[in-house]
Structures are given as structure tokens and as C-alpha cells.
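*Asks:* So the chains spell out like this:
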Amino acid sequence: MSKDFIKNNVKKLRFDNGQMTQEALAKEVGVTRQTIIAIENGNYSPSLELAFRIALIFESNIDEVFSYSPNDNSK
Amino acid sequence: MTHQEKNNIISMITSIIVSVPYLIFIFNKYQAENLALPEELKFWGAAILILIPLRIISEIIVYIVFAILNTIITGEDEVEITDERDNLIALKSTRNSYYMFIIGFVISLIAITVSSSPSAMFMILIITGVVSEFTDILSKIYYYRKGI
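The listed protein sequences derive, respectively, from chains D and B. When the count follows the numbering used here, it moves up by one through the first sequence with no breaks and lands on 75 for the last residue. When the count follows the numbering used here, it moves up by one through the second sequence with no breaks and lands on 1148 for the last residue.
Source of the hints: derived by calculation from the structure; they are not laboratory data. Keep in mind that a hint or two might mislead.
Stated by the list, open to error - Label-pair distances were calculated between CB atoms; the ranges are:
| id | chain 1 | residue 1 | chain 2 | residue 2 | range |
| --- | --- | --- | --- | --- | --- |
| 1 | B | 1109 | D | 53 | 46 to 52 Å |
| 2 | B | 1127 | D | 21 | 42 to 48 Å |
| 3 | B | 1142 | D | 48 | 55 to 61 Å |
Claimed, not checked - Calculated lysine-lysine pairs in the DSS-like style (CA-CA distance at most 27 Å, straight line):
| id | chain 1 | residue 1 | chain 2 | residue 2 |
| --- | --- | --- | --- | --- |
| 4 | D | 11 | D | 27 |
| 5 | B | 1042 | D | 27 |
| 6 | D | 11 | B | 1006 |
| 7 | B | 1146 | D | 12 |
| 8 | B | 1042 | D | 11 |
| 9 | B | 1092 | D | 7 |
| 10 | D | 27 | B | 1029 |
| 11 | B | 1029 | B | 1042 |
| 12 | B | 1092 | D | 27 |
| 13 | B | 1029 | B | 1146 |
| 14 | D | 7 | B | 1146 |
Quick reminder that beta carbons are idealized off the backbone N, C-alpha and C, glycines included.
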């Protein structure tokens, strides 16, 4: 499944950005807190649009927030 | 447990409480009445037509009661937005539900071809409707818990 391929640093970036809460991030990008939790836990791969919105909030490039690693699936 | 999971569990319970006793009542009534063919078709038509508003009304009532109780118990306001993940889960669950309904529909066609009894077909169609509804709800619970 896609969750095995796409890794993210959302949790780390939240803490680096003044310990932003999941609720605050969810509000900023227009999704529910459950979606942020699912993304952080690797249970949901966001759409490209949502991924860009999250990256924009952290003032980062998208590859600093999300990374694609197909080799992880063979573990 | 998230709000969506609670909502789906409540839907499941409502469906079991309303649909299962209704199906048992209808099947018992059908066996007791011993109808001729035109009345038999009317009977099953009415049975399905009654089930649809019954499910809609019971779902609305239970949803309102759940929202009130949830607000009183947890203190959370009922302002959950629906986002892309919710939409994707709804789409995948509906797809699973359609697959289940198509299987049931084909089985009902086989039943009428083999047995030539419209009642067998209608019974299978009604049961398929309820089972596909369960499939939709269980799929949602599964995707919310395990991820998509």
C-alpha cells in the first residue's frame, strides 16, 4: 500500500514550528485532526494539493516534508 | 475512538436494530399469508418501499440523538468538517457496497431462473440491500482504523 512508500516529517516539523498542535495544523490546511494523525502515522498519503499546503505552512519544500522510498516496501 | 468511527458504529447498531427485526417480520408475514402471484409481487414491492423510509427516518433520529448525547458527554461541538480523506473513504466504502449488491443481484437472478419464484428473488434482493449497507459501514470503520 502507498503508506509503506511515503514517509513524512510532519510531526518533527510541527515541533520545530513552535510545537504546533495537530488541531492548529489541521485548521491551517483545512482538514480534520484525524487526517493529520493518519498522515503522521503513515496511514494516509495526502493528495498532492494537501501535501503542498502542509509544506507551505512549514515554509519548506515538499521533499523536506514528504519522501518517497519504494525500497522500504521490501523490508 | 474518533467521531467518524462512533458515527459508523451507531449506524451499524441502528441498521441491526431496525432492519433485522423488519426482515424477520416480513418473512414470517409472507409465510403466514400464502399469497397468489399478483398479490405476492405487491407484497414484496410494499415491503421494500416501507423499508427505505423506515431506514432513513431511523437513521436521522438516531443521528440527532447521538449528536446531542455526544455533545453532552464529551463536550465536543458537532462541527466536524469533511475532508479529502473522508471523501476517499466514503468512495471506497460505496464501491465495496456496490460489489456486494451486484453479487446479490446476480444471485437473485439465478434464483428466479432456477426456482421461477419471484419471492426468492425479492428475499435475496432485500437481504442483499441490508448486507451491502453493512458492507458500506464496516468498510468505513475498517478504513478509518487501518488507513487507506
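*Asks:* Given the hint that residue 1042 of chain B pairs with residue 27 of chain D, test it: the Cα-Cα distance must not exceed 27 Å.
*Replies:* 53 Å, violated
*Asks:* Does the structure keep residue 1092 of chain B and residue 27 of chain D at a Cα separation of 27 Å or less?
*Replies:* 25 Å, holds
*Asks:* Given the hint that residue 1029 of chain B pairs with residue 1146 of chain B, does the C-alpha gap stay at or below 27 Å?
*Replies:* This hinted pair is violated, its Cα atoms lying about 42 Å apart.
*Asks:* Keeping to a limit of 27 Å between CA atoms, is the pair of residue 1042 of chain B and residue 11 of chain D held or broken?
*Replies:* Since the Cα atoms of residue 1042 of chain B and residue 11 of chain D sit roughly 60 Å apart, the hinted pair is violated (cutoff 27 Å).
*Asks:* Is the straight-line distance between the alpha-carbon of residue 7 of chain D and that of residue 1146 of chain B 27 Å or less?
*Replies:* 17 Å, holds
*Asks:* Given the hinted pair residue 1092 of chain B and residue 7 of chain D, is their Cα-Cα distance within 27 Å?
*Replies:* Holds, because 23 Å separates the two Cα atoms, which is no more than 27 Å.
*Asks:* Does the structure keep residue 1029 of chain B and residue 1042 of chain B at a Cα separation of 27 Å or less?
*Replies:* 13 Å, holds
*Asks:* Does residue 27 of chain D pair with residue 1029 of chain B here, judged by a C-alpha cut-off of 27 Å?
*Replies:* Violated. Residue 27 of chain D to residue 1029 of chain B sits at ~53 Å, over the 27 Å cutoff.
*Asks:* Is 55 to 61 Å a correct range for the gap between the Cβ atoms of residue 1142 of chain B and residue 48 of chain D?
*Replies:* 25 Å, violated
*Asks:* Does 46 to 52 Å hold as the CB distance between residue 1109 of chain B and residue 53 of chain D, or does it fail?
*Replies:* 48 Å, holds
*Asks:* Is residue 11 of chain D within 27 Å of residue 27 of chain D, Cα to Cα?
*Replies:* 16 Å, holds
*Asks:* With the threshold set at 27 Å, check whether the alpha-carbon distance from residue 11 of chain D to residue 1006 of chain B stays at or below it.
*Replies:* Since the Cα atoms of residue 11 of chain D and residue 1006 of chain B sit roughly 26 Å apart, the hinted pair holds (cutoff 27 Å).
The structure shown violates the earlier hints numbered 3, 5, 8, 10, 13.
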